[in-house]
Amino acid sequence: MLMEFTAEQIAGLLNGDVEGNPEVVVNKLSKIEEGEPQSLSFLANLAYEARLYTTDASIVIVNKDLKLNNPIKDTCTLIRVDDAYSSFTKLLEAYDQSKPVKIGIEKQSYIAESTTVGNDIYVGAFAYISDNAVIGNNVKIYPQTFIGDNVEIGDNTIIFSGVKIYHECVIGKNCILHAGAVIGSDGFGFAPNDNNSYDKIPQIGNVIIEDDVEIGPNNCIDRATMGSTIIKRGVKTDNLVHIAHNVVVGENTVLAGQTGISGSSKIGKNCMTGGQVGITGHVTIGDNVKIAGQSGVSKSIKDNQVLQGSPAFSYNDYMRSYASFKNLPSLVNRINELEKLIK
Amino acid sequence: MLMEFTAEQIAGLLNGDVEGNPEVVVNKLSKIEEGEPQSLSFLANLAYEARLYTTDASIVIVNKDLKLNNPIKDTCTLIRVDDAYSSFTKLLEAYDQSKPVKIGIEKQSYIAESTTVGNDIYVGAFAYISDNAVIGNNVKIYPQTFIGDNVEIGDNTIIFSGVKIYHECVIGKNCILHAGAVIGSDGFGFAPNDNNSYDKIPQIGNVIIEDDVEIGPNNCIDRATMGSTIIKRGVKTDNLVHIAHNVVVGENTVLAGQTGISGSSKIGKNCMTGGQVGITGHVTIGDNVKIAGQSGVSKSIKDNQVLQGSPAFSYNDYMRSYASFKNLPSLVNRINELEKLIK
Amino acid sequence: MLMEFTAEQIAGLLNGDVEGNPEVVVNKLSKIEEGEPQSLSFLANLAYEARLYTTDASIVIVNKDLKLNNPIKDTCTLIRVDDAYSSFTKLLEAYDQSKPVKIGIEKQSYIAESTTVGNDIYVGAFAYISDNAVIGNNVKIYPQTFIGDNVEIGDNTIIFSGVKIYHECVIGKNCILHAGAVIGSDGFGFAPNDNNSYDKIPQIGNVIIEDDVEIGPNNCIDRATMGSTIIKRGVKTDNLVHIAHNVVVGENTVLAGQTGISGSSKIGKNCMTGGQVGITGHVTIGDNVKIAGQSGVSKSIKDNQVLQGSPAFSYNDYMRSYASFKNLPSLVNRINELEKLIK
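So the protein lines, in turn, are chains A, B and C.
Residue numbers are given in the numbering used here: position 17 of the first sequence equals residue 17, and the series is strictly consecutive.
Every position in the second sequence, counted from 1, becomes a number in the numbering used here once 343 is added.
Every position in the third sequence, counted from 1, becomes a number in the numbering used here once 686 is added.
If you're looking for bench data, these hints aren't it; they were derived computationally from the structure.
Source: prediction; values computed, not measured.
Honestly, I wouldn't trust all of these hints.
Claimed, not checked - Restricting the straight-line Cα-Cα distance to at most 27 Å, the calculated cross-link-like pairs of lysine-lysine (DSSO-like) are:
no.	chain 1	residue 1	chain 2	residue 2
1	A	K290	B	K609
2	A	K269	A	K299
3	C	K955	A	K200
4	C	K714	C	K776
5	B	K410	B	K374
6	C	K1012	B	K683
7	A	K290	C	K1012
8	A	K173	A	K266
9	A	K28	B	K609
10	A	K326	C	K985
11	A	K107	C	K793
12	C	K886	B	K483
13	C	K1012	B	K642
14	A	K31	B	K543
15	A	K140	A	K173
16	A	K269	A	K173
17	A	K31	A	K107
Isolated chain A, as found in the complex:
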């Protein structure tokens, strides 16, 4: 919980102006539509302005230039700042950082003697760190995590409970790996043999996750057959994302929930996928590409495209075709009619 703060104190922190009761006290943060007494909220998007006049929040942070078109409640005090959204985010971060920081090595963990560990790390009970791992400073390894042989983890990275990192993988600095993510499992590589069954192709590569990456819970990122599967700096993945062997995901690309990328495909920088997008193997996606939810990309794509469909093509063209698809039965009727008229 936040300690208690007055409107005046918060205005001071944010360099803002109080409009209302400077003595009113808050002890938690809320969305404006869920505001209640003693909570602090914000209004940034004017589409939701109506909520300002009905909220029970005790304090609402708003932009300096906001014009009130209705009276606000007596119980509501405004703090006017240059940018309500970023001011509120600053408070969110302060709140988040007020939580106690885990530190120390809990007794029931297992750390191989050959492992090298940095300063100020946390290793929870039942975490397992294998031979020759290298753990940076200030790394937090939660309970029941598995760190394989020769794995490297950069400074300040957080590995939540139950993450499994296979041998040889490399995790950068300032990363967050959420619970249950699997990094470096074998790529899905099999060669058909003469018995109508498959021989396993050994997967001797690894996974490299660069700095500032956040990996969602229960993601699966496979090691390369040879070389590396690479998740570049600043990538963010949502829940249950599947990334196959030898894939490269470019800087600052964002993959929404349940996205799947097949083997050896290269995704550019600053791309975005919607939920449940699938990308086939051995294709190259350019930079700044946006792919609508549930689309399936079956070929290489140039920079700056926006796509939809399975197989995917231009978003606008897809939506036009889909509008006609909805009308197909009436279209068929019109063709029937034309045929009758002509005969």
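With chain A fixed as given, assemble chains B and C onto it according to the hints.
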């Protein structure tokens, strides 16, 4: 295993009538098509009546009013009851409850001193219960489970192996969380910044799972940015379901395997999704809505709709359009023909 | 790492001929396009022949009958063999097997006294093996794995970290189960009751995984309601695959990432699904069926079909219809035009 029972004993239990050998003995349950000597089965759906005449099950439970249209095998004894299906389910439950009940706290577990625990709980080895958690009576916590700070778990709830529950989340009574489910990981919230990369938006809310909920294995349910992601009473989710931050899933709604729901969407009561359904963010789905497998819902939906497609619309209309879609090449030929005739 | 080998030594191993410097030394394997000094690579597919003339690999394995259409670099030595691909795979396997083998039972594990274990097994710390489990010879059980009551695991099987196997399930010989896979969780079976909610149908069956199966990370394979969910010999599943209760997957069938199969469906032998394929419940898929990525199969399918679409039909027909779908807006214009001309 069941102990051995005679047809007469089971008929007594179910208040039914024996037709055949009252002394015949069974020791297991089976489906009628997989019936074998000493197994007990049932026939409720008359579409499968033919199986009754060929089954090797020693006993079959049938409805009182069933008319036999063929002779049954000599090895098969019938027990006639009011409702064969519910009688059989009663036996299934009795069988299920005959398994030994786990109880006690295994030595190799970790339970923070500040945790409050109820009576008759089970905590398996390598389970980790963090500070200030509150665990109800008769809760079963399997090995390698992680329970974060301040988590609350209601009476009679079962948490299977490897479940990870982040701090502050609240789990109701009589819930079942299957192996590998992740509850309360950070919502997927990032704000673009001036470096073409993203700043993380702290996720300070939680997840609330109400009573009588069953969560499938390897599900991921994210905590709210602020406030709560809420899974209401009686919800059932299948394998690998993804539920994003600030989602609300209404009472008794059923989500099939690999369904994904994006941030802030509200799903009504008694809805059903097929497998691999996707629902976009910030929409409201009414009560009793049914969504066919692989459909993608991109807008708010009223009560009682049945939907298919990506984007989804009325199931019947989709199926009509899809029938025409299959015929599109011949439709194109007909248009070609018409154009020729006219010119 | 590989020890160092000369071209002459490797040629001897593979029964090949050196063309270039027999003394050149390599110490790692690489793809030809990622070749660097001291690495060994191969060229099997002539579509990539151009890479042979630019690679920095010190040694490249090629077929005996390969004709050089350009000069190769001075730094590159060839080894000619009968089959470059299989020779290279042989080296990959040798490399893979050179890793140290885990053996022994780590102290911080839990093994119930009633468990039977074979010779030369590995049990990592924080692994939990329940009552009456039977573990074969040479089985490797990684840390934080859960093995339920009465589970059987065949010889030489590898269970990676965090796998959860519920009670009564049976795993064959020579299997690999990747991290986080859940085997034998309850099938998704509920019966609607009079309160508009659901009663759980007890799931008293199990999962049987036959020999030579590889299960991908974070897969979920549900136990049967009664009887068994069966994964037959030689099946391979990719990441995040969902297999519901009472499904049977036939021999040597390959399921790509995020495939989902609903309850009671039977899949034939030697089938292949693309990524994110969905198969509805209670259908039968023949042998040698191929299903394109993101397709949804809604009915039973005969042998040797190739399918696409949601619902899926013949791949070729789908692609023809989809080509017309892309042109639908112009088709509509042509119909408008025809109508004008006629009126």
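Hints, one by one, checked against the model:
no. : hint             : verdict
1   : A:K290 - B:K609  : holds, 25 Å
2   : A:K269 - A:K299  : holds, 17 Å
3   : C:K955 - A:K200  : holds, 18 Å
4   : C:K714 - C:K776  : holds, 14 Å
5   : B:K410 - B:K374  : holds, 20 Å
6   : C:K1012 - B:K683 : holds, 23 Å
7   : A:K290 - C:K1012 : holds, 19 Å
8   : A:K173 - A:K266  : holds, 23 Å
9   : A:K28 - B:K609   : holds, 24 Å
10  : A:K326 - C:K985  : holds, 23 Å
11  : A:K107 - C:K793  : holds, 14 Å
12  : C:K886 - B:K483  : holds, 18 Å
13  : C:K1012 - B:K642 : holds, 23 Å
14  : A:K31 - B:K543   : holds, 18 Å
15  : A:K140 - A:K173  : holds, 12 Å
16  : A:K269 - A:K173  : holds, 19 Å
17  : A:K31 - A:K107   : violated, 41 Å
Hint 17 alone, counting from the list given before, is not met by this structure.
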